[in-house]
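Q: Produce the entire structure from the sequences given, and follow the hints as far as they go.
Chains as they are written, first to last, in the working numbering: chain A, 233 to 731; chain B, 18 to 352; chain C, 43 to 344; chain D, 1049 to 1347; chain E, 262 to 578.
In silico DSS-like pairs for lysine-lysine, Cα to Cα no more than 30 Å straight-line: (1) K268/A x K300/A; (2) K602/A x K116/C; (3) K390/E x K1108/D.
What the hints contain is simulated information worked out from the structure, not anything from laboratory work.
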Amino acid sequence: GASSAGAASRVDRVDRVHRTAATRTFVVADTSSVEKLDPDVVTNFLDFQALGLIYQQLVQYNAKLQLKPELATSWSYSDGNKVLTFQLRKGVRFDDGEPFNAADVVASIDRALTPKTADASASFLSSVKKVVATGTYAVEFELSHPDNSILTGLTSVNFSMLPEAGIKAGNLATEPDGTGPFEFSSWSPNNSFVVKRNPHYWGGKVTLASVKIETVPTEQSIASALEANTAQLGLLTTPQVVDGLPSGLTRHKVLGLAYRALMLQDEHGPLANVDNRRAISCAITRHQVLQDAVFGDGRPVGPVPIGAFASKPVSVVCPTQNLKKAKAYLKKAGDPHGFTFSAIASDAEDPTDSAQATVVQSELSQAGIKMNVQNLAGTAYVQDWLAGKFQAAFAENGANPSPYVMYGRYFGAGGNLAVPAGYHSSTLQKLLAKGDAASTTAQQKPIWKKLSATLTTQAVWVWLFSAYNYAVTTSGVHGFQFEPTTTTSLIGLRTTKLS
Amino acid sequence: MSGDIVLQATAVEKEYPARGGPAVRALRGVTLQVERASTLGVVGESGCGKSTLARLMVGLETPTRGRIEVMGHALEPGRALARQIQLVFQDPFSSLNPRITVAKALQEVLVVHRLGSTRTQRQSRVDELLGLVALSPRYRDRYPHELSGGQAQRVAIARALAVEPKILVLDEPTSALDVSVRAEILNLLVRLQDQLDLSYVFISHDLAMVRHVSDVIAVMYLGEVVEHGPYGEVLDAPCHPYTRALAAAIPVPDPTRRADPSALEVSGRPDAAREPLGGATGCPYLGRCPDAEAVCAEQHPALRPIEPDHTVACHVALRAPRRAPRGPLVERAPS
Amino acid sequence: MSVVADPSLGLPEAREGLQLERPRRHGVLRALWKHPRGRIGCVLVGLVVLLAIAGATGLTPYSPQLQNPLAVLKAPSLAHPLGTDQFGRDELSMVFQGLFVSLEIACLAVAIAGVVGTVAGIVAGYLGRWPSAVIMRVTDMLFAIPAILMALAIVTALGPGWLNTALAIGVGYIPIFVRIVRGPVLSLRESAYVRAGRVLGFSNVRLLFRHVLPNVAGIVAVQVMMALAWSILAEAALSFLGLGPPPPMASLGEMVSQSSSLAATAWWTLAAPSIAIVMAVIGFNLLGDGLRDAVDPRTQSR
Amino acid sequence: MRGVDLDVMAGEKLGIVGESGSGKSLTVLSVLRLLPDPPVRLLGGSITYAGQDLAAMDEKQLASVRGKEIAMVYQDPMSSLNPLLRVSTQIIETMSAHGVPKDTARRRCREVLHQVGMADPDRVAVAFPHELSGGMLQRVMIAMAVAVSPRVLIADEPTTALDVTIQRQILDLVEALHETSGMAVVWVTHDLGVVAQFVDRVLVMYAGRIVERASTAQLFSRPAHPYTKALIGTLPRDGAAHRSALVQIGGQPPDPARLGQGCPFRDRCPIAVDRCAHEEPPLLPAGEDSVAACWRVEG
Amino acid sequence: MVMQVARRVSSMIVTLFGVSIIIFLILRLLPGNEVTASLGVSAGLLSRAQLAALDRYYGIGQPFYAQYGSWLGSVLTGNLGVSLASRTSVASLVGAALPVTLELAIAAMLIGEVIGVVFGVLGALRPAKLLDDVGQGISVFGLAVPTFVIGTGLVTFLASVFHYFPSSQGFVSITVNPWLNIQQIFFPALTLGLGIGAAVMRSTRTAMLEVIGLNFARTARGKGLSRRTVVWKHLLLAALVPIVTMSGIQLGYLLGGTVVVEDIFVLPGLGRLLLTSIDNRDFAVVQSVTLIYAAGFVFVNMLVDLLYTWIDPRTRA
Ligand SMILES: Nc1ncnc2c1ncn2[C@@H]1O[C@H](COP(=O)(O)OP(=O)(O)OP(=O)(O)O)[C@@H](O)[C@H]1O
Ligand SMILES: Nc1ncnc2c1ncn2[C@@H]1O[C@H](COP(=O)(O)OP(=O)(O)OP(=O)(O)O)[C@@H](O)[C@H]1O
Ligand SMILES: [Mg+2]
Ligand SMILES: [Mg+2]
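A: In structure tokens, the structure reads:
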């Protein structure tokens, strides 16, 4: 914990920043707030984005969601793909001026894998047996089995490279110290998070002197802040608000790194019957759901929404809504007049849940299927979801370019989300393991294609859509690029100029 | 008068706890009795404890010390002798529930005390009661606010009579009423007493009224009875200086006579101080008494007979020669 | 010199002890109708209730749930007098239904607060001593906890739904009823006619229910109107914070908060439920005003 | 209330009697235009004081008459004083309103409090109304009224809420003030005893009208109007036997809002004749200094 | 007097103690714990060992009385505990948020009182005249339109028409930049003040109409006092008790209202802190903030009572 004196001085610092650099502070407005400063334990999007300005990882995605070097310049597998070796970038310094080297990598990964840290992504590195420094700028990961998704995992902010000294001192939760373009300046919980230009940054000149992420709790207010130019960048998710903005503002949009699905349980009840699940899948028009939930501002997606292995957005069973086929499936299932099930949803988790539920309910009823919707408060939903206490659940799940990272935890052997996934199949388990072990993209492609096909033909869940995320900038902002991944979506600020 | 005692109060004291101070001693050892079919008049200035006495008599409150017996039975805490003794309040309007009609108010009493087994029996009893107080049955379904003050007071009396009590305590039954209806209520009370063999405790400020209806009069001052006796003696030949002042203060509705100003020499604070000026031991009337002597400051005067039926609590009066009857009144000089 | 008294305007000085009296029921209604604001309140509330009943019984132009993908976000027209929403549902029909849901919540909330608060207030006022002390202390505590937190806690603990929203709002309003009722009961307990009842040997139960309760009915009724107005607004605020009853049976507050982001593109989706809220709230307030004057004997002629 | 003629002569003591609701208060309040408007409105007539018509004055002009020329004392002293202001504040502001300088006013405040018989004027001055008894409050009211030496004092039942002994003191006090300053007094009451002992001339009101006007001696010795007679008759008189029946007026006063034509007292009148039912009697001479509104008066 | 104050203070403490227990129990009834609240569905990704470590960190599974005791201990020592979500001291969070809410509440109260009393008094003096109608209009509007509609409307209007939204660049304390601070507080205070003003106006108007008919008002006029003295000295003073009562009640509700308004106008006040902390199941923060609200409420009530005795000498026992 932090002493109260420390926190108070941080608050003071906010004021000071305001006074001296009011005009030069670049303000980013978001409805949520930065909740934690320890990169290993953060889970919410804004925390990723904010800490992504300070910290860097070994590897990262580029705009096309391909892996690219970050603090590692290159990597290679050896020993039957069971050893992964990274060559580290030289001349990198933390913002306190200390140089970055292999010891920092070892300490960082060890910290993430210690249970006490409670790193939320630790399971992605479950194959890591040991990390050793083989030189000042070389690190070896010893794996228990061949695992290519580990690279994907390493892009997460949860595996940021931290200074060994800071880890030992145990003060990173309050005083971040990273190698990124910006360095931590101040944080006022629930309100604002301020970073300033990192003078030791290795990746070129950063023009913005300081960036402040300001919590503006409603999107309507963010819109107003942009219009009043008291914020230069607004992060929005509601298309209606974006539509209502005046023309002087620049809109950037990327497909969000989350997909919406109607998760179905096959354990008990009507949904245990695959044909009933297929009937549901056939009765739903994804375009309509997309239209009504987010005003069409998104894309219907299949199991793998993004990246090199993105699946066709439609189900193999019913490419479009087909009520006839839905009825046929119902007949086959022995419930020709339809059946009733209930679905949980939570507007606290995803504000479009109730809209989705409204449409889906209406469409299913055309096929004679009655869906009762139970709208739960956020934590109640989380509890039921985690315990698998639902027949169906409207869910917003994280997407990842790596299908293994996305689905291994649900359908893989020993996946820790097997309970909410609610579907067990050895076929899927095998597919996932095989895909994880395959070392090249070409090898992986057919495997992941098969995975998508299996998931949809079995109608394990009903995949609905991914929505856009918006970044709106004011007219004086130049050079901002909205990166497609959550981790790095604000990294475009590195090259942003303010006129 | 028969010697039959229906109500006996013995050394009754009542204290009210007061916030941040000593308790208010509203009654300080009152001993009184009421005889069957007679009227006890109680007079005294505002705040001297008349209403408190009334509340104690009907069992609304219990005495702090002392004892009250009604028809030979001691009043016990929480057990009102509703069937024996009833109270008629000063303001008839506020003592009647504004939402209940005349007939319903009377019936409720009959129902509660299971008087009359059938509805028709009760209804005829209601008519009978209204007849008793000379109200025509067309007032049965009126609400209190649709009655005049006199009528409302009749209803209140009828309600009290519904339980066939032996004693009525009347706490200023006419002072909220108009002059013109006062006579009407007094006449009614006198008639009812004769008709039903009732005993009254009649509390009032109005000496003329009290004199007119009472057989025996008790004069109270600061929670004590200071003079007690037959009406004629107490009011026409008052012994206690307070009674004298009281009698003299009343404007006589006759321009040819005028009160004797000398009887009115009330010095000191005219508003009754809560604690007697005589302190714990002296006479409570001390500070205001024109005749006070040294002994008055030292010794609390007890109620002692000055005539067989007439008692006074005054050191001076018991020694001094009786004043002439009607003393305070003199002929007015022609203007 | 001539002076006239206008009997309709009432006596300025009330007789002591008649403070809470209400002689006759139709008298209240007539007084209410004569009261200029009371009359508007009656009309508005009547209208609101009628529309809500229409919404509940399906007497609406369209089914409130009927989605029409071909008529999404249409501005008001003859076919849809208040336009349509993002699902192509008819706003007018939804407002009717929303009114019903809002009233349902408000009524239940006020019923909870009114019954619990009034009973507690009467007990506290009539029994005095320690029951009163306990009740008043608990009331103080309830009062001191921010209503929003209470509501948050109740809705989060029990889950969203109109019953729980109503409970959340009701609990927050209990202390008001307790306080409003206790004072008059305290003075009624000492009133001459309750004393008269005691002297006549009436039991406490009889005195409480036949003589005390009817005489606080007036102020309770006034407070009920105010509470209804307040509850509708409170429900709207809870909806704004995401604690309202969930769709598809949306309350007015939920409708407003859902459409507040559409204000720029489809103003009618915000305007329609807002107007309904304002109408209902004004109606109940005015009705309460009227009722207050109607049950006040000081504004009654003898 | 209709056609009430009220004339007060300088330095006289006038009494107004009548039962509750007969319009006594309205009459005296209308003199200073203090009627509770909206419910009650002054419809017509004139109120003349020293040649000026008060009915035609605006509020500003009225303010200079109120309190300064004509002062009032009201029935219920507890509610007629502002409970939130000290006694001295209320007395001093009266004087300030009529142009008395602050320090003179302060001195005079003490003086008048002493004058109305306060043993300890300084203590009373700093007291709040609730700290004083009814009798003291009524004296404060009188002190406030006489502080600016008005020419007329109107007292509307100032002693009904008080004890007899205290009432007596107030009566004596006003009597003394009247005698020393020669101010005229209008004393409203329903107590015939007060009338008999205290005033020179009496107006008897019934149902919003004056039914008899007479000197006090005349009124008691030869009451002219049957209502006056009845009123005097209701009192337990000296000679009456113990517990004997008292005279009752019987019936009820008419509803002032529903007065028909004819004499308003006719329903309760023991000597009513046909004429009384449709013709309202004017004030007819009934003795040397007495007029009565009754057809049956013997002139 | 001393006795009375002592009694008041002790009853205040009892109330606050009761409140803290009620709050504590309510919070424990909420589904979810710190872990699921802070991680959401991602909590499912944690391994058993990780969860055990977190449980230990948050003190999950400790008996209630131990949790309550440790929180109470930290309150009594004045640091109000540690926010486990942000790992900072609650005192520092509250220290930053309290002044904002306090300033907002005071400003809203001021605006509400001015609107309410002025229109209430003037309206009561000339019922059904233009000024009264305007006042009644404001009061109906303030009472009936939900705060968040007024607030959102105001924000949208100012931004789209005047390109003005002073609050969104971060709240500035009044000691740093008074002018900007006043701009930031004014509009949210106005939003809240309208509602308060409406309520105060109604009770002022009613109270004024009531006292206008009272006997002492007649006495005041009868003494020849000027109209202004009668109205602003005698009548308003006498009407003050119901006005103060209503203001006290409004201040109580105001605390709830700040939650919504702080959201819309981007003010980092207690209301927002409370909401986020409930979402995060950050119990120490919720309990302490609620306790502060409750203390504020109880304090205001005491102030109202003191005002009563100041206004009305009869209540000075
Ligand atoms: N419930 C009570 N609590 C405290 N003091 C009381 C209570 N009831 C009466 N007293 C006090 O007891 C004294 C006697 O009061 P009581 O009402 O009996 O007088 P009273 O003679 O009836 O006066 P009045 O002629 O004005 O009716 C008064 O000083 C009064 O203040
Ligand atoms: N504000 C008012 N509104 C309506 N009627 C009124 C009002 N004030 C008085 N009246 C009526 O005017 C008539 C005369 O009233 P007023 O007060 O003058 O009687 P009063 O003789 O002074 O009676 P009391 O002896 O009770 O004081 C009564 O019938 C009364 O009902
Ligand atoms: Mg009494
Ligand atoms: Mg009068």
